[in-house]
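Spelled out, the chains give:
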Amino acid sequence: EDQVTQSPEALRLQEGESSSLNCSYTVSGLRGLFWYRQDPGKGPEFLFTLYSAGEEKEKERLKATLTKKESFLHITAPKPEDSATYLCAVQEADSWGKLQFGAGTQVVVTP
Amino acid sequence: EPEVTQTPSHQVTQMGQEVILRCVPISNHLYFYWYRQILGQKVEFLVSFYNNEISEKSEIFDDQFSVERPDGSNFTLKIRSTKLEDSAMYFCASSESISGRARDEQFFGPGTRLTVL
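Residue numbers (the working numbering), protein chains in the order written: chain A, 21 to 131; chain B, 12 to 128.
Hints were generated in silico from the structure; no laboratory data involved. Predicted, not measured: the structure shown is a model, and the values here were computed from it. Cβ coordinates follow ideal geometry from the N, Cα and C atoms, glycine included. A few of these clues could be false.
What the hints assert, rightly or not - Chain B stretches covered by chain A per the calculated footprint, using a threshold of three residues with CB under 8 Å from any CB of chain A:
#1 51-57
#2 61-73
#3 108-118
Taking the hints into account, I'd like the entire structure generated from these sequences.
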């Protein structure tokens with residue numbers, strides 16, 4: 021059973037059209053939830069870590085939020101350079117750092 | 012800005028051959044990881060390594076796999092007898108801590124694309 025589910029699988033946006041990506045998770049104890057950006061053929065690029073429900077973090081046009089069951093990545097007024105696959109990963113409290121990734125949301129922003 | 016580096020960027024090998032993938036983690040990091048991503052699939056955890064020993068491993072990480080930190084800077088993944096299904100992108104990552112409070116972020120390298128023929 022998948023412990024991390026991301027939706028939608030793909031998202032096509034016009035430049036400036038804000039939207040949100042969802043990451044729902046089912047783990048017994050969460051140490052942290054991580055958001056990454058991945059460009060084709062490249063390694064995941066770290067964006068945010070969220071540790072507790074109610075926490076929010078922002079970076080440029082991106083804002084991540086966390087509840088007890090899910091996280092959202094809000095993209096405000098996206099630009100074409102925001103096109104990428106956005107990955108969510110959870111780390112359980114009793115792990116030695118293992119990240120469990122979702123399948124990602126592929127975002128395409130057109131001019 | 013410090014970064015994780017990996018060599019080679021692409022490795023082609025014959026089924027049954029041994030391969031060694033190399034990584035140089037960020038210098039002040041203490042926790043090291045290997046992940047893999049089969050084309051079109053999600054990133055999968057293989058192993059974590061701390062204080063010169065394996066701290067956690069997945070079901071994928073069977074006896075064909077091993078990791079080593081041969082010196083103060085390198086971290087390697089060895090696959091003893093490669094199979095067709097080992098073809099994937101292999102990512103090395105490192106983190107400063109796993110505290111659950113700060114500095115837990117894992118920084119990933121650019122990956123090694125392994126192709127098994």
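Now for the hints, and whether the structure bears them out:
| no. | hint | in the structure |
| --- | --- | --- |
| 1 | 51-57 | holds (count 5) |
| 2 | 61-73 | holds (count 4) |
| 3 | 108-118 | holds (count 7) |
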